[in-house]
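Undergrad: Sequence:
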Amino acid sequence: MIKLRKLINHPLFSGSAVMIGGSMVINVINYVYHLVMGRILGPINYGVLASLFSILYIVGIVPTSTSVAIVKFISSSKNSGEMATIFSSLNKLVFNIASILSILTIISSPFIASFLHIDNVFLVILITPILFFSLLTLVNQATSQGLLKFMGFVLPNFTSSFTKICLGVLLVVMGYSVFGAMIGVFAGGLVAFFVSKWYVRDIRNTKILKNNYDLKPFLKYSLPVFLQALAFTSIFTTDVILVKHFLSPFDAGIYAALSTLGKIVFFASAPISSVMFPVVAGRSAKGEKYLEIFWGSLGLTLIVSTVVVGIYYFFSDFAIKILYGSAYLSASIYLVWMGLFILVYTLALLLVNFSLSLGKTRIIVFPILAALGQAIMLWIFHSSILQVIQVSLAICTLMLFGEGLFLGYNSLRKIYGKS
Numbered sequence: 001m002i003k004l005r006k007l008i009n010h011p012l013f014s015g016s017a018v019m020i021g022g023s024m025v026i027n028v029i030n031y032v033y034h035l036v037m038g039r040i041l042g043p044i045n046y047g048v049l050a051s052l053f054s055i056l057y058i059v060g061i062v063p064t065s066t067s068v069a070i071v072k073f074i075s076s077s078k079n080s081g082e083m084a085t086i087f088s089s090l091n092k093l094v095f096n097i098a099s100i101l102s103i104l105t106i107i108s109s110p111f112i113a114s115f116l117h118i119d120n121v122f123l124v125i126l127i128t129p130i131l132f133f134s135l136l137t138l139v140n141q142a143t144s145q146g147l148l149k150f151m152g153f154v155l156p157n158f159t160s161s162f163t164k165i166c167l168g169v170l171l172v173v174m175g176y177s178v179f180g181a182m183i184g185v186f187a188g189g190l191v192a193f194f195v196s197k198w199y200v201r202d203i204r205n206t207k208i209l210k211n212n213y214d215l216k217p218f219l220k221y222s223l224p225v226f227l228q229a230l231a232f233t234s235i236f237t238t239d240v241i242l243v244k245h246f247l248s249p250f251d252a253g254i255y256a257a258l259s260t261l262g263k264i265v266f267f268a269s270a271p272i273s274s275v276m277f278p279v280v281a282g283r284s285a286k287g288e289k290y291l292e293i294f295w296g297s298l299g300l301t302l303i304v305s306t307v308v309v310g311i312y313y314f315f316s317d318f319a320i321k322i323l324y325g326s327a328y329l330s331a332s333i334y335l336v337w338m339g340l341f342i343l344v345y346t347l348a349l350l351l352v353n354f355s356l357s358l359g360k361t362r363i364i365v366f367p368i369l370a371a372l373g374q375a376i377m378l379w380i381f382h383s384s385i386l387q388v389i390q391v392s393l394a395i396c397t398l399m400l401f402g403e404g405l406f407l408g409y410n411s412l413r414k415i416y417g418k419s
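For the sequence shown, full-length UniProt numbering assigns the number 1 to the initial residue and increments by one for each residue that follows.
Heads up, some of the hints might be wrong.
[What the hints assert, rightly or not] Restricting the straight-line Cα-Cα distance to at most 30 angstroms, the calculated cross-link-like pairs of lysine-lysine (BS3-like) are:
hint, residue 1, residue 2
1, Lys-321, Lys-220
2, Lys-149, Lys-360
3, Lys-216, Lys-149
Bear in mind the hints are in silico, worked out from the structure with no lab data behind them. Quick caveat, the model's predicted, so the values are computed rather than measured.
Can you make the complete structure from the sequences, with help from the hints?
TA: Now the structure itself:
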């Protein structure tokens, strides 16, 4: 009984329970959203919606990447006053970044619409308010995560997803098509922002030690984290964007469905890495042992991801037909390939996050090279859906192999010395 109570109170177990349980509910809602949208919009319009989501991910890389740094600095801060000072300064920083990105998005929207073959440029402009509020929400969520208050990370995502599916589906059914879907996303982001503010009300009301926290250490750490986030987000979205540009509108819709289903592998296990990061960062800062957290996280991630890929291997036709309908059935032969691509991607991301949680940033060279390699190779080789997936899988496999060698080499150096 004592061991059971100790296990339940362990930060990795309790945090993972909240993150995994909450994320599972959120991911179910998000996937129901995409499945319903895929059915009622059809492959062509669904391809447009998926490409808009990909652009939203890419534009949000800069401040999104700072959320990882926020988690580290909040979890490593020495007292509540220092936390409040860090939070206040970072809020101002992200607000300025969000404002600049919003302006740049509006200016570049005609080019983006042309590249993605989207007739209505206003659909791209709608990304701006969605981006702005989602980035402000990220500061609050990352702060909650750094404080190990994981419900403050989960609940805003839940309210966003719930609002998005209810309002978005209603507007699409009423005839507003992709525009209605995007309005639902905006409304969900707005609700999530106010929910996230409530969870950080204590730190917002705490007296700060000084008006501005010295952000140089934060920015120095954020640069490699930004490059890491840029690389992994690029790998996550470049394929969808280039397929929308190079292949037919129908194939783009089929690929969007594949990408959405493939991401189940990632979202099913990503909460494990999210919990691992602040726990390892905190233990490392205090000089405590942390390797057991890493190996446990790696094992759990591999098990969860493999189970999902196994389901795709044995039940691909059933999964596509039930989830997206007969209009997308041609995607079934590619589903296991997409699952393998995302499985390797997820493992590679966990290794990088582990290294970053220790403040060691040189490992980011591998995802950067992988992102560049994927973009170049897909620009050259994009004759079919299968070729696009196999190129991405090969690139991610090389990335994972390189990261593993890098971590192994550094571990040996630590044990046996440079000699």
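Undergrad: Confirm or reject each hint.
TA: Each hint, compared with the structure:
1. For the given pair, Lys-321 sits about 48 angstroms from Lys-220 by alpha-carbon distance, which is inconsistent with the 30 angstroms threshold.
2. At roughly 25 angstroms between alpha-carbon atoms, Lys-149 and Lys-360 fall within 30 angstroms of each other, so this suggested pair holds.
3. Only pairs whose Cα atoms come within 30 angstroms are accepted, and Lys-216 paired with Lys-149 is accepted, the gap being roughly 26 angstroms.
Violation of the numbered hints given earlier is confined to hint 1; every other hint is satisfied by the structure.
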